[in-house]
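*Asks:* Chain by chain, the residues run as shown.
Protein chains: 2
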Amino acid sequence: MLKLQSLLTGLALAAGSSIAFAQALPTTAPAPADNPTTAAKVALGKVLYHDPRLSSSGTVSCASCHNTMLGGEDNRGGSVGVEGQVGGRSAPTVWNAAFNEVQFWDGRAASLEEQAAGPVTNPIEMGMKSWDDVVVRLKSIDGYDKLFSTAFGRNSISKDNATKAIAAYERTLITPNSPFDRYVKGNTSAMSKQQIRGMNKAVELGCTGCHSGPAFNGPGTFQKFPVISNGYFEAQYGFKDDKGLAEVTGKEEDEHFWKVPTLRNIALTAPYFHNGKVKTLERAVKIMAKLQLGKDLNDQEVEDIVAFLNALTGEFPEQTMPKLPGMPGKTFN
Amino acid sequence: MLKLQSLLTGLALAAGSSIAFAQALPTTAPAPADNPTTAAKVALGKVLYHDPRLSSSGTVSCASCHNTMLGGEDNRGGSVGVEGQVGGRSAPTVWNAAFNEVQFWDGRAASLEEQAAGPVTNPIEMGMKSWDDVVVRLKSIDGYDKLFSTAFGRNSISKDNATKAIAAYERTLITPNSPFDRYVKGNTSAMSKQQIRGMNKAVELGCTGCHSGPAFNGPGTFQKFPVISNGYFEAQYGFKDDKGLAEVTGKEEDEHFWKVPTLRNIALTAPYFHNGKVKTLERAVKIMAKLQLGKDLNDQEVEDIVAFLNALTGEFPEQTMPKLPGMPGKTFN
Chain G
14 MLKLQSLLTG LALAAGSSIA FAQALPTTAP APADNPTTAA KVALGKVLYH DPRLSSSGTV
74 SCASCHNTML GGEDNRGGSV GVEGQVGGRS APTVWNAAFN EVQFWDGRAA SLEEQAAGPV
134 TNPIEMGMKS WDDVVVRLKS IDGYDKLFST AFGRNSISKD NATKAIAAYE RTLITPNSPF
194 DRYVKGNTSA MSKQQIRGMN KAVELGCTGC HSGPAFNGPG TFQKFPVISN GYFEAQYGFK
254 DDKGLAEVTG KEEDEHFWKV PTLRNIALTA PYFHNGKVKT LERAVKIMAK LQLGKDLNDQ
314 EVEDIVAFLN ALTGEFPEQT MPKLPGMPGK TFN
Chain U
14 MLKLQSLLTG LALAAGSSIA FAQALPTTAP APADNPTTAA KVALGKVLYH DPRLSSSGTV
74 SCASCHNTML GGEDNRGGSV GVEGQVGGRS APTVWNAAFN EVQFWDGRAA SLEEQAAGPV
134 TNPIEMGMKS WDDVVVRLKS IDGYDKLFST AFGRNSISKD NATKAIAAYE RTLITPNSPF
194 DRYVKGNTSA MSKQQIRGMN KAVELGCTGC HSGPAFNGPG TFQKFPVISN GYFEAQYGFK
254 DDKGLAEVTG KEEDEHFWKV PTLRNIALTA PYFHNGKVKT LERAVKIMAK LQLGKDLNDQ
314 EVEDIVAFLN ALTGEFPEQT MPKLPGMPGK TFN
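Which chain is which? The protein sequence lines are G and U, in order. Per the numbering used here, the first sequence runs over residues 14 to 346. Per the numbering used here, the second sequence runs over residues 14 to 346.
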């Protein structure tokens, strides 16, 4: 653990902060006071999360773009919503999203509950005209009444409860026991020498200034990207075409500010960045070092950091497949 | 059981056949000699079946249209493939498909193995250019090599083995213990009086001439639909726009011949018929009686038969969610 002590000191110096870099991922996520996690809510939330009938066409569920059988997203640049429409931002992973301070790439949602409401009525995502329409549809599907009743009491099908249930389910989507977690807990052979070298390099460079804490998404919630203008990369990837937080707030000082994304399972969520234009983790690491820290990494350094990032791939919990309630003798539209 | 004996006699008279009408659904499905079912094949098949990276866009898996969390299909008229394209035939259920003599609506595939190969390279379904491309992609995804090795031996990623694995998985998708099955096994209270009345009516009408046997899809494999021309229904639903088996064979005598679809879980697979134009089971029953048997049913008769058909909804087995192999640091295209 001496190694880690020195890492922490290194981080404290580098980031001017006392936030600990080296923390294992908790195995449970905190829930807001008005939505304590219960088994019944999680069960309902899992069903809703996987039900494509929450979309206008009946073909797109939350899981379509945030795939719980994969790394929590779809490995695409832009995700595909109803009618084959392609979104402008790359789907963030749902795994460990419970540990984000804010949700969406631009951080415009303050909670998982608030986030869950968005895509359902987004015209290029799930395309429902309104949550009133969603509620009508849920009420038309035999079986949802009972699931909601068990979770929230009688006659409780509503937007508020649907999003609470989805959020409760998402709070269970945690991937503990990565090689890094086992290393932090004292198993010094859990990471390879290359992974340890990459970790040290990431701290030395200052990556952990933004990517620390158990989910590697703090201490700050937002960060500018890119910090340093670079015409070469900009011409290739067009990072600045999207103004991030400023698209929501309209404020100049928010331009190109983004939620700091978790690095947990980052190896499984290519392609990279808000617009999903960067296909490999090697390239993403090189770009981040250059645009955020002004550093040119050599190939060995990139490979070492990528090896370390692979040590952040956790264990995905075994899940039972939800059984979606049927609507005997009729269909959803 | 006296009741059932008389039913069987009734059927024998009605259909001129000795095929038993009242048979419980087997809990296991037969496998072809060259593809015996093994746990390793089923495990691999389940992963492949749910992997959207088997489509050109990475968004459409077998499960997208044949949803194992629902009644084995998508409750849509035409299914949605890559690029938002909509197919011309309604997705048949995968549940109990192992008990079909032939596959696809037009019966053009002689086995589940043969069927599994089709949609992957259909340009409006999963859109892969060729199975060679599929194999290249599977080889590029870390983890598939091991899954195939366990199921088929070393270096065994191929079209043949992928479709064998998917078929092996599909042979496990069986829904036993419907009210009808429990009734057939001697629990005379497993079906309601209305359901029993509906069953007797279905036999009396001659429905079981085509829909008998454990999966209600025999004794014959193919049947003409519609048997009786009817301008009123044809104008509404355009059943004859699609020539069925003749679209494959080009033979006049095959025009409007279709695989006899299973009635198992029929209540969960609206909308109905090959083109998915009929939204409710009530309507489907009325149309079938008129177009196949020349009978006009009154509302009570329709309701009774629908009640009986609801007694064919089985128990859906608990399944674990497959974990799809990742491809660390890169994506699929």
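No lab work stands behind these hints: they were computed from the structure. Among these hints, one or two may not hold up.
Which copy is meant is left open, because identical chains are indistinguishable; a pair holds if it fits in one copy or across any two.
[As the list claims (entries may be wrong)] Calculated lysine-lysine pairs in the DSSO-like style (CA-CA distance at most 27 Å, straight line):
hint : residue 1 : residue 2
1    : Lys343    : Lys172
2    : Lys198    : Lys292
3    : Lys303    : Lys172
4    : Lys142    : Lys292
5    : Lys142    : Lys172
6    : Lys303    : Lys343
7    : Lys159    : Lys292
8    : Lys237    : Lys256
*Asks:* If you test the structure against every hint from before, which numbers come out violated?
*Replies:* 2 and 3
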